[in-house]
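> Below, each chain spelled out in residue letters.
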Amino acid sequence: MLSRLSLCRRHPLCQHFAAVVAASRRPVATFEAAPVAPLTPPRQTPNVMHGTRLATDPRWRRRMREDLYRRRMLAGPEPERPRSVWSNWSRRAELSAAAHRLGLAGLAGFSQQWLDRVLTFRESAEADGVTADSPSANQNVSKGYELDDESSDSVAMATPPTPAESMPRDNAELVPTGRALIAEHCDRFLARELPHVPEDLREQAVSLLTSDQSLSFVAGHLGLAELLSGVDTRPSMLPLSVEADAFAALVASAKLCCPDVSEGDEAAWRLTRDFLLTRLHNSDINEWWTIGAQRRLPLLSESLAAAGFPADEPLEFRLMGQSAPESPVYSCFQVGLYIRREFLSSGFGETAAQAQDECVSEALKTLFDTADSRAPMNFKLTYADLASALE
Amino acid sequence: RQMLPRVFLSQPLQNGVSRYTCQLKRITLKFCKFRPNSLGAREFIENGDFLEFARANPQVACYLKPRRNRPPVLQAEFANGSVQLARIDSFPAEFVRRWFWLMRGRSGDDLLPLHENLRSFHPSVQGVWTPFTFGRSVGLGDLSDSRHRPMSPSATELIQQLHRLQSARMS
Chain A
1 MLSRLSLCRR
11 HPLCQHFAAV
21 VAASRRPVAT
31 FEAAPVAPLT
41 PPRQTPNVMH
51 GTRLATDPRW
61 RRRMREDLYR
71 RRMLAGPEPE
81 RPRSVWSNWS
91 RRAELSAAAH
101 RLGLAGLAGF
111 SQQWLDRVLT
121 FRESAEADGV
131 TADSPSANQN
141 VSKGYELDDE
151 SSDSVAMATP
161 PTPAESMPRD
171 NAELVPTGRA
181 LIAEHCDRFL
191 ARELPHVPED
201 LREQAVSLLT
211 SDQSLSFVAG
221 HLGLAELLSG
231 VDTRPSMLPL
241 SVEADAFAAL
251 VASAKLCCPD
261 VSEGDEAAWR
271 LTRDFLLTRL
281 HNSDINEWWT
291 IGAQRRLPLL
301 SESLAAAGFP
311 ADEPLEFRLM
321 GQSAPESPVY
331 SCFQVGLYIR
341 REFLSSGFGE
351 TAAQAQDECV
361 SEALKTLFDT
371 ADSRAPMNFK
381 LTYADLASAL
391 E
Chain B
1001 RQMLPRVFLS
1011 QPLQNGVSRY
1021 TCQLKRITLK
1031 FCKFRPNSLG
1041 AREFIENGDF
1051 LEFARANPQV
1061 ACYLKPRRNR
1071 PPVLQAEFAN
1081 GSVQLARIDS
1091 FPAEFVRRWF
1101 WLMRGRSGDD
1111 LLPLHENLRS
1121 FHPSVQGVWT
1131 PFTFGRSVGL
1141 GDLSDSRHRP
1151 MSPSATELIQ
1161 QLHRLQSARM
1171 S
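Line by line, the protein sequences give chains A and B. The first sequence maps to residues 1 to 391 in our numbering. The second sequence maps to residues 1001 to 1171 in our numbering.
Take these hints with a grain of salt, some might be off.
[To be verified] Beta-carbon label-pair distances, calculated as ranges:
hint, chain 1, residue 1, chain 2, residue 2, range
1, A, Asp212, B, Gln1011, 34 to 44 Å
2, B, Ser1154, A, His196, 40 to 50 Å
3, B, Leu1051, A, Asp385, 35 to 45 Å
4, B, Ser1120, A, Leu68, 46 to 56 Å
5, A, Ser236, B, Asp1109, 33 to 43 Å
6, B, Leu1114, A, Pro79, 29 to 39 Å
7, A, Ser283, B, Leu1051, 36 to 46 Å
8, A, Ala352, B, Gln1002, 44 to 54 Å
[As the list claims (entries may be wrong)] Where chain A lies over chain B, by a calculated footprint (3+ residues, C-beta under 8 Å):
hint, region
9, 1019 to 1029
10, 1041 to 1050
11, 1090 to 1100
Think of the hints as simulated: they come from the structure by calculation, not from any bench. Beta carbons: idealized from backbone N, C-alpha and C, even for Gly.
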């Protein structure tokens, strides 16, 4: 016995209705780009009945709703498109908003065109200009009407735009300058805030901070990923290094656009400090580097020597306390580290060996001043303070 | 029954630690030019409140999107990539204005119940309590009526046994 629904689907009236709906469907925002392999629907229909039953609907409408839902799920997800293809996008407005969001709108010499060039990546060597097929073509076309409100623009960016000759065409030169500047800022800040930490550990922390992943995380949260031009800004096609380069170019531009050197240094430093270095806040600084198991005791000896203890003083590990030593679950050992009969640190563990390892880690934290009880980092430092501290 | 997950307090990119950045990137007011449920949205635009918001917040890109035969909606896009939709169907203009200014203050994180209203990565100032914090060396097996007895006698117990044997021999 054929079900009523299958009869309905095959009914010519029903098929005609479906065709009419398909023809009248409004075209969604399209993005003509390199062809991507179409997503194939799953072999078996997934269980899509959840949330489709509405008790107030009559039975025929319920079944139609379930059928439409099943067809939509079989059609697969929406194609990935950059934000700029939708009609509520105006590159001019977005750049202006980004400039204000980043606090760069008040800088002398900073303009919207400058920000546009900073976020423009040079396209492939073959294409010498923006062609109709390139991904950036869509972005530069403004859809809809733009409110030509001169008053808001004049309030926002009081200075006239820099002449076109001096402005770079893209950010190719800014990226390496920016990367070097960011690395320098991070190194100086950590050297100032963590003076007792050895250089190799500090370098590990700096390399983690300035890695592509870290910089692209910052760039994404500042909204730079959507504003890039010259690259495909779809999240799956945008590599991390490109986003990281965008942030680096921004930092370099903040320094270079100001005619006053100190103002430019301060602006670039503030971008690094407020967006990148604050990642250290509310995180255990000891997680930003790894000390290998073989390196621990030699590092401890070196740090003690640097702290003023002579090298031939023996390190004494003493069992300070233990609880339920035979129990496999409740055992707790406390080991203390003594040098020159003075207490240095203590550690806990399920076995005495673990407690000893923990003891060494705690001793290192005490010597490096990276324990939980240390003062919080100062994120209100100015560039002048930073530069003067090292002299 | 589905339960909402609980989250901890957090700010995207540690916003506010050294500088505050408005997390709202762009806001779109979608409305119909004819239908009565968009009346509040239309009044909001015509009274100049929309322009006032746009001028007071240059860091937010404001868009208007007239759509025929659709209910009015406020679409707010935040710096962390999230998009929030506020249905302003038949709202008065004042309520639309309040939604605009509310979105301006949001971080874009999902509205989920919190574990606690505060969060600290250093909850203990003096150090977390351990069984040995106050100089105790008492463990689970040390109490006489404890069920968790160690297998071998402790040094104290050995001495006590010796003392008992000795006093039994003496008496």
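> So, for every hint listed, does it hold in this structure?
Hint check:
Remark: the range hint 34 to 44 Å for Asp212(A) to Gln1011(B) is contradicted by a beta-carbon distance near 23 Å. Take Ser1154(B) and His196(A): their Cβ atoms lie about 42 Å apart, and the range 40 to 50 Å holds. One distance hint, 35 to 45 Å for the beta-carbon pair Leu1051(B) and Asp385(A), holds here, with the actual separation near 42 Å. Look at Ser1120(B) against Leu68(A): about 50 Å separates their beta carbons, and that is inside 46 to 56 Å.
Taken as a hint, the range 33 to 43 Å is violated for the pair Ser236(A) and Asp1109(B), whose Cβ atoms sit roughly 23 Å apart. Between Leu1114(B) and Pro79(A) the CB atoms are about 37 Å apart, so this pair conforms to the stated range of 29 to 39 Å. Taken as a hint, the range 36 to 46 Å holds for the pair Ser283(A) and Leu1051(B), whose Cβ atoms sit roughly 42 Å apart. About 47 Å separates the C-beta atoms of Ala352(A) and Gln1002(B), a value consistent with the hinted range of 44 to 54 Å.
Counting residues of the region 1019 to 1029 of chain B whose CB lies closer than 8 Å to any CB of chain A gives 6, so the stated coverage by that chain holds, three being the minimum. Only when three residues or more bring their CB closer than 8 Å to a CB of chain A does the claim for the region 1041 to 1050 of chain B stand; here the count is 0, and the claim is violated. Counting residues of the region 1090 to 1100 of chain B whose CB lies closer than 8 Å to any CB of chain A gives 0, so the stated coverage by that chain is violated, three being the minimum.
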